[in-house]
Structures are given as structure tokens and as C-alpha cells.
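Asker: Protein chains in written order, with this note's numbering: chain A, 1 to 369; chain B, 1 to 461; chain C, 1 to 92.
Just so you know, the hints here were simulated from the structure itself, not pulled from any lab data.
Positions of the beta carbon are idealized from the N, C-alpha and C atoms, including for glycine.
The reader is advised that the hints may include incorrect statements.
With beta-carbon atoms standing in for the labels, derived distance ranges [as the list claims (entries may be wrong)]:
#, chain 1, residue 1, chain 2, residue 2, range
1, C, R88, A, A129, 33 to 43 Å
2, B, T364, C, E18, 52 to 62 Å
3, B, S367, C, R88, 26 to 36 Å
4, C, R88, B, G93, 16 to 26 Å
5, A, N214, C, R88, 17 to 27 Å
6, A, D266, B, E388, 51 to 61 Å
Derived DSS-like pairs: lysine-lysine, alpha-carbon spacing no greater than 27 Å straight-line [claimed, not checked]:
#, chain 1, residue 1, chain 2, residue 2
7, C, K11, A, K239
8, B, K209, B, K287
9, B, K344, B, K58
10, C, K87, C, K11
11, B, K287, B, K238
12, C, K50, A, K239
13, A, K308, A, K340
14, B, K341, B, K287
15, B, K341, B, K330
16, B, K58, C, K9
17, A, K179, A, K318
18, B, K58, C, K50
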Amino acid sequence: MSARGIIIGGGIVGLSIALGLAATGMEVLVLDGNDADSRASYGNAGLIWVQSKGVDHLPYARWSRRSASLWPEFSRELEDTTGIDVEYQQRGGLSLCIDAAEMAARRAMVDRVAAQLGSDNDVEMVDAAYVRERIPQAGPRVLGASWCPSDGHVNPLLLMGALRKRNAALGVRILTGKKATRVGMDGSHLTVYGDGFSLRADRVVIAAGLATQNLAATAGMTVPVMPIRGQIVVTERLKPLIGYPTPTTRQARSGSIIFGNSHETDVESPQTTLPVLASHAQRAVTEFPFLASTRILRCWGAIRVMPKDGMPVYASSKTCPGAYAVACHSGITLTAIHAKIISASIAAGELPAAVNTFSDERFHVVPTA
Amino acid sequence: MSSISYDIAVIGAGPAGMAAAVQACRLGLSVAILDDQPAAGGQILRGINRPSTLNYEKWGHPLSQAFLASGATHLAGAAVWAREESRLLYSIGGSARSLNAHALILATGSMERPAIVPGNSLLGVVTVGALQALIKGSGCVPEGRFVLVGNGPLLLLCASQLVEAGARPEAIIQTTPASRFLNALPLAIGLLSDPKFLVDGLRLMARVKRLGIPLYSGARDISIIGRDHAEAIQFRTKDRTIEMPVDLVALHDGVVPNDNLAVSFGANTTWNSRLQCYEMETQGATKVAGLDGVWAAGDTVAIHGGYQAVLSGKLAALEAAFSLGRIDAKTHGMAIRPLLKQRKRQLAARRFVDSVYAPTLLPTLASDDAMLCRCEEVTVGTIRRKIEQGNTGTRAIKVTTRCGMGPCQGRQCTVSLTSLLASELPLATLERPSLRFPARPITVAELAESHKGMQSTGSDA
Amino acid sequence: MLFRQLNDKLKRVTITFEGEPLNAFESESVAACLLRHGVRFTRLAPSGAKRAPYCLMGACFECTMTVDGRTNVQACLTLVAEGMTVKRSSNI
Numbered sequence: 001m002s003a004r005g006i007i008i009g010g011g012i013v014g015l016s017i018a019l020g021l022a023a024t025g026m027e028v029l030v031l032d033g034n035d036a037d038s039r040a041s042y043g044n045a046g047l048i049w050v051q052s053k054g055v056d057h058l059p060y061a062r063w064s065r066r067s068a069s070l071w072p073e074f075s076r077e078l079e080d081t082t083g084i085d086v087e088y089q090q091r092g093g094l095s096l097c098i099d100a101a102e103m104a105a106r107r108a109m110v111d112r113v114a115a116q117l118g119s120d121n122d123v124e125m126v127d128a129a130y131v132r133e134r135i136p137q138a139g140p141r142v143l144g145a146s147w148c149p150s151d152g153h154v155n156p157l158l159l160m161g162a163l164r165k166r167n168a169a170l171g172v173r174i175l176t177g178k179k180a181t182r183v184g185m186d187g188s189h190l191t192v193y194g195d196g197f198s199l200r201a202d203r204v205v206i207a208a209g210l211a212t213q214n215l216a217a218t219a220g221m222t223v224p225v226m227p228i229r230g231q232i233v234v235t236e237r238l239k240p241l242i243g244y245p246t247p248t249t250r251q252a253r254s255g256s257i258i259f260g261n262s263h264e265t266d267v268e269s270p271q272t273t274l275p276v277l278a279s280h281a282q283r284a285v286t287e288f289p290f291l292a293s294t295r296i297l298r299c300w301g302a303i304r305v306m307p308k309d310g311m312p313v314y315a316s317s318k319t320c321p322g323a324y325a326v327a328c329h330s331g332i333t334l335t336a337i338h339a340k341i342i343s344a345s346i347a348a349g350e351l352p353a354a355v356n357t358f359s360d361e362r363f364h365v366v367p368t369a
Numbered sequence: 001m002s003s004i005s006y007d008i009a010v011i012g013a014g015p016a017g018m019a020a021a022v023q024a025c026r027l028g029l030s031v032a033i034l035d036d037q038p039a040a041g042g043q044i045l046r047g048i049n050r051p052s053t054l055n056y057e058k059w060g061h062p063l064s065q066a067f068l069a070s071g072a073t074h075l076a077g078a079a080v081w082a083r084e085e086s087r088l089l090y091s092i093g094g095s096a097r098s099l100n101a102h103a104l105i106l107a108t109g110s111m112e113r114p115a116i117v118p119g120n121s122l123l124g125v126v127t128v129g130a131l132q133a134l135i136k137g138s139g140c141v142p143e144g145r146f147v148l149v150g151n152g153p154l155l156l157l158c159a160s161q162l163v164e165a166g167a168r169p170e171a172i173i174q175t176t177p178a179s180r181f182l183n184a185l186p187l188a189i190g191l192l193s194d195p196k197f198l199v200d201g202l203r204l205m206a207r208v209k210r211l212g213i214p215l216y217s218g219a220r221d222i223s224i225i226g227r228d229h230a231e232a233i234q235f236r237t238k239d240r241t242i243e244m245p246v247d248l249v250a251l252h253d254g255v256v257p258n259d260n261l262a263v264s265f266g267a268n269t270t271w272n273s274r275l276q277c278y279e280m281e282t283q284g285a286t287k288v289a290g291l292d293g294v295w296a297a298g299d300t301v302a303i304h305g306g307y308q309a310v311l312s313g314k315l316a317a318l319e320a321a322f323s324l325g326r327i328d329a330k331t332h333g334m335a336i337r338p339l340l341k342q343r344k345r346q347l348a349a350r351r352f353v354d355s356v357y358a359p360t361l362l363p364t365l366a367s368d369d370a371m372l373c374r375c376e377e378v379t380v381g382t383i384r385r386k387i388e389q390g391n392t393g394t395r396a397i398k399v400t401t402r403c404g405m406g407p408c409q410g411r412q413c414t415v416s417l418t419s420l421l422a423s424e425l426p427l428a429t430l431e432r433p434s435l436r437f438p439a440r441p442i443t444v445a446e447l448a449e450s451h452k453g454m455q456s457t458g459s460d461a
Numbered sequence: 001m002l003f004r005q006l007n008d009k010l011k012r013v014t015i016t017f018e019g020e021p022l023n024a025f026e027s028e029s030v031a032a033c034l035l036r037h038g039v040r041f042t043r044l045a046p047s048g049a050k051r052a053p054y055c056l057m058g059a060c061f062e063c064t065m066t067v068d069g070r071t072n073v074q075a076c077l078t079l080v081a082e083g084m085t086v087k088r089s090s091n092i
């Protein structure tokens, strides 16, 4: 009888790990919340973005790039097996600067990245002419950008659909509206407890977004995560005009342009607000003047997950051996490495050495003498 | 952008909106009415002020005269797209405007239920409501071979209006199952409490019979045939299959609340499985639950018809005026009492109609190739496959098919999607996909100028 | 022609559609005018399928066209005016 894995959380992180576990031959069950719950997987920008990751933390910079390098094969396999094209494109990304202050701050960031990565550095500052060569539509106030050839984007909604389909094909059962309340040991058996159920497993991975903190605590893991709201504007479909993604504005394969990059803390509801959206519109028109006369179809807000120090958390439980917790902000960028590396390691009984630095031990309070 | 202030802003200039404006003005309040149509009248009273040789909806004339004389500021062609407390943002001719109002009355009416039949997205297919809009609003009628297909009193009403104007349909193909009349008989007693309703209905049926238009009943398996435009309509009636060559097909399967704007403002709606549509949550007849200073009147709350719309428009204006302290409790009480009584009688009459004319062209009955989301071209079959693949909610379907993400922002598909999910999945979430502003497709420039904004950092992902 | 005007005593105006002049009647909508002149389709769906006005009340967005240089204007909500220019969306 094959080993059983239970994933708590059926978003992109949970489904990527479920996929990887199922591929090792485990019997996998995903306990998912409800369709109407706050789900970061439905509310992100779809960016595969490395240039600004781990600017002062080399392991995170490397971890992100490693995942980005696994994405091409991951996307191909996903398409071959599901028939779903997740609109993956990775041929570089530009982070635009619209005034001198942004240019200076970005230059400083790029210098720090370069210093860390040394000969592996793939991020550079480029001038307005370079930007306009890549994206002729860039406006006159764009002074330059930071450029990284490893950056790209994907359609996160199609990715969700493809992950669900692939998981189903591998025999993974996804149970909706089945919420776990704690993870514990029933004698020597690792067990997931919920309202009216208890399920034994050989491996448990908690990947439940904002709910991860409380669930992980029941298994002795410290995973501090905060809600962070992003608001986004989506336009009508246009012919292809913006060929490279930026963190603020990108054009989807469908032709719609998706813009707005904001991070609001201390909010819990996925509302949209006029001041933020108006700011997005103002910036969008500065970056790409043609957008002034483009029609907006809809705007939405989404609550996403941000670990306390911004970096991913990969925790393994000491009190409940076989239980793990995963939390991150960049679930899209890390999809490939979650499916291909993290899950295989978890199946084998431990987290890879590369993520030791992301363990939850960094949050443990050191007792003072 | 300068902002003008009013006591009450009414959105929609149909019977409910006009009645609300007239009542509010009578009580001495200042009223602005924002109307996305080019002239007052909404749908049922479209063209009421237009020079015309034909006279429809005579009951609407006194109301529209009163509205013209009321002193309300009528902003025609105004598309409201957002609300920020007392400020309403709207767009006229592509330019951004706003106004302030202490109270808001939503009277955005109803729209045709999307009819889900194969061939529904071909050229030469419109709604019966569209034929009404064309005749009443623009004075034009169909030529050539056209048929009216579906279910509801509007079918017969429209047929008689068209014939009076010299345009005769090839046939009226009714999909109302015969058994419904019998089953609904116990509810017919309610009709007696509002005899006008019953008399109108009987008169209509007699008229159509007199005109000798071929009438089919109990039709099912409707299918519109053609490559890029409608060429024939096929249906089963009794035990024969009929295929009729046509140039134009007009569909009708009842109406549903046109409530996108209200939902984007934060109004909550609940799914009514008998009527297969959403209804607005209210406190009492007209106060919108969960929102401050917002009332709603007419079909946008729930489908109760034109006469009810006038009544609830009056009620909403009285409620808002009382809430603003512009009339005292005694005046308020005395005015609403008879209205509430009348409302109760009229609603009792509706139960028979609602039962007989419950929807018939539902997605559950449609073949896979019928189009459910027009904008993004998502068929009923595609959605069925996605449900099978484990996408078990309105949001899950939306994200994996783009259903509801196109220009109409779910107006033409939300009701159908929920209907399909509710039938295929007992435990489906019928949670309505959320709607935020802008409620109309404004330009990026309009959004940019709507607010001074704040520091946007453009920080990284 | 799928539609005709009932009252030909109405004042006439001229609009242009895709550069060609069309006779219009004051107080009719742009959508009605196009339908009277047998204009088959107003826009294309993403797959390229042709679409024409469907609801005629502003709820379906099938009649969106470029009017006097403004994109995405609903022809059913817009009355004709002398000299108005109407085109299909250039994104087609």
C-alpha cells in the first residue's frame, strides 16, 4: 500500500506540492476550503519574477532563479499532459522608472544584486532607449528600467485549472469545503483533524495561505504571515502592444492589459478603493500614454500572503514528524520548484538543504540569559 | 471636476425611477436622475415622449408628463460607474463627471433573461425586448421572416404591438409547458386581488388569436440553425419536429433584475431557485440592506412588473425623504400605508404569473454547443467539462473559462452560470462573482482624473 | 434589410459608416440606423465570429463601435447626429 500524503490548502502552492508528491507514487489527498474563500491564487499578478528577490539575501535570490530555470520544462510537461496552455512566457522583464528618484533607488538595488550574485548576475540597469526598443509604446517620462532576462509571466487562473486537472489525472483527490483544524499525533500516527473527521497520513503539508499560521502552530511550527492587499485594473482586449511584463503593467495573451502594483497592509477585505486605483491609472498612463483612451473592464482587489520578513517559509515539524508547512508571497515564481524539488524531498522525508535558511527557526525567540 | 449637490440621486428613468423622482420633488426635495438611455422611459416606457403614430403603454403617459413637469434634473446618456460615499461618478459622452447626493435610489430595472439555446449567438438573433426597444425607441420594425420564441406575456404583447405597426411575425413559438397552467391554478386566486392584471392578460390572448398568427404551444428542443446568421428555427411541438426558414429570431424567457450597478455598490443578492435569478436583499420594501443611504425600487430588486415599479418608486422616495428628515413620521406613515397595502395585493397576483412563466430555456436543458458566455464564447459544454474536472463554484468556473470576464461583465451570463451550477452540483457555491467599480467601461484617463490618488511606489512583485 | 422605419416624416440627418454616408432619422439610435441599412455585424468576438446588436438596451455590449473617434461606444444608447462618424473597432 502506497504512502499517503495530505495537503492542507488547494491553491497554487498546495496543488504544486500535491502534484510532486503524487508523481513519487504517493496517494495524495488535498483538503481545500471553499470556492468563495479568500484565495490568493485567484488574486495575483501572474508574474515569474526574480530580479528583485533576495536583494539582501543570496539564498532567496538563488532559490527564485532556480525555480525560474525549472519553469520552461514544468510548463511544457503541464501542457503536454493536460492540453492546457497556461500562457507561459519567459523572455525577460523590465521594471520601469518614471522619475529620477526611482532611477536612483533602482540603480542601488541592481548594484546590491550584482554584488551578491557576482558572475551569476543577470540584472542590469538599462536606459530609455533600450526600454523603447523592447516596448516602443513606453512613454517619454520613462527614464529607464532594470532588466532581467529570467523574468516572465503566466496566466495564474489557467495555471490553477491546469494544476487541478493534472492532479485529478494523477489520482489526487481534492476535497472542497473540507477544512482542517489541527495537525497532531494519534499515538505514533501523524493525523489531520477537522470538523467531524480525522485522517492519518505519512506526510502532511500545510499550504493554506493565511490560515497556515494557526494550523502550523498546532504542529509546533512558527509561520508568521500577514495579509497584504493588491488592487488591479484590467482593460479591454487590445492587439499586442506590450511585449514584456513589468511589475506594474503587463499584457495578457488575451490582449487585456493588467496594471497596478500596490501593497496595503492592515486591511482584511479585498475591496477596491478609488484613491489607489486612480493612482494606478495615473502611473499606467505615464508608463504607456496610449492607455489613456483604453477602456477598463473591471478592477479587483485581492488579499495575498506575505511572510513576516518577506521570504518564504519552509518548516518541518519536530512534534509531528512528517508534517511540514510552506508559506510564501511569490507562489507563482516558485510553482516549478515546489512541484519538482520540494515535494520530492518531502516524500523522501526531509526538506532540501537549500531551504535550511528558510526554516521557521529564524522566527524562534532566542531566550536571553 | 466640480461637484453639484442634490438631496436625492435616482439612477434609472423607467417607471420606478420616474415615480421616485416625481414623489421626491413633490415633497420638496432636489432630485437628479441619472439615465444611461438617451431619453426617459426605461425599457417598458421607452419612447413615451417620442413623436409616434402608435400609442403603447398608455398608463405611462400621466407618469411621464408628471416627470417632465417635476423639476428633477434629468441627465440623459449618463453612465454611473462608481460611488464613493455621497459622491456618484458618472460618464457622459466619454467625459468624467460627478455629483453629490444625500440619498440614492437605484431604479435600474430589468433586462431580458439570456436564452440558452443552440445558435443563440448567430447574427439575426435578438431578444423580444430588443424588438420593443427598436419600435418604441427608434420607430423601426422587422421586415422579412421573423419569429418570436419563448415564454412569457411579453411574447404576445410584442406580437400585437408589431402587428399594429404593420409587421407580422411568421409564428409565435411558445415554450410554456401546457401543464403549468393547470398546476398554477391554486395560485390563480391571487389574480382576483388584482383584476387589472387578469383582464390585460386575457385581452392579449384574444387579440393574438383574432389576428390569425400561427401559434405553437409547449415547444421544446429549440435550436437556431445557420452558419454565421440565423437561417431556420427548429423545434418540437406535441410529437412533431418542425423546421421553419427565418431571417430573424427574437427570443424571450422572462426578465431578470438588471442589478450589476447595485452589486458593485455593495448590495447583496440571494439566488431565487424558483425564478432562477438573483434578488436584492432589502430591509422592508426598498431599503438596500447593508448600505447607508441607498434605496432601490422596481424590477432591479425583484421582478414584480411595471405597476409595482411605480408603487415602489413612490415608496422609496418616501422612505428616503423620511430618512433625511424632510417629512415627519405622521406624513410618512400615512403615505406609505396605502402603498404597502396595494403592493401586497399586487404581489399576490404575481404568484400565478411567476409559476406559469418560470424560465424554460435554461442552460440545464441546452445541448453542449449552446453559448452561455457570449463575450468570451464559453459554451454550456465547456462549463460542464470544467465542472467534471473539479471546478465546483462560480469563481472556479470564471477563472478557468473566462466566463463573465468580457465586456458585459457577467450581465449576460451570471444568471445562466449559477443556474447550471445549481443543477449540476448539489453542494455548489452559488456565491455571486463579486462586482466592483467601474460599473461601466470607462477609460483609463477617466479613472486617472477621478481622484487625486496617492503615492504609487511601483514596487516589485 | 431586416428592419424599416415606420415614420418617414421624421427629420433626416446623415451619418457616415466606415466612410460611407447613411441616411438616418432624427431620434433613432445608431444601432437602429445600422440595422435598417442591413449592416450585418457591428463587431467580432475573440474567435473572429461576427456579432450584431442583441439586447438593444445597453446590457450585452455587442453593439460597441467607434463613434466620432471614441472607442467602445454602445450604438444602441447613442442617438444619431448630423455628421456623426461610425466605424467598427480597429482592434478587429
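Asker: Against the structure, test the hints numbered earlier, and report the numbers of the ones violated in rising order.
Answerer: 2, 5, 6, 7, 8, 11 and 18
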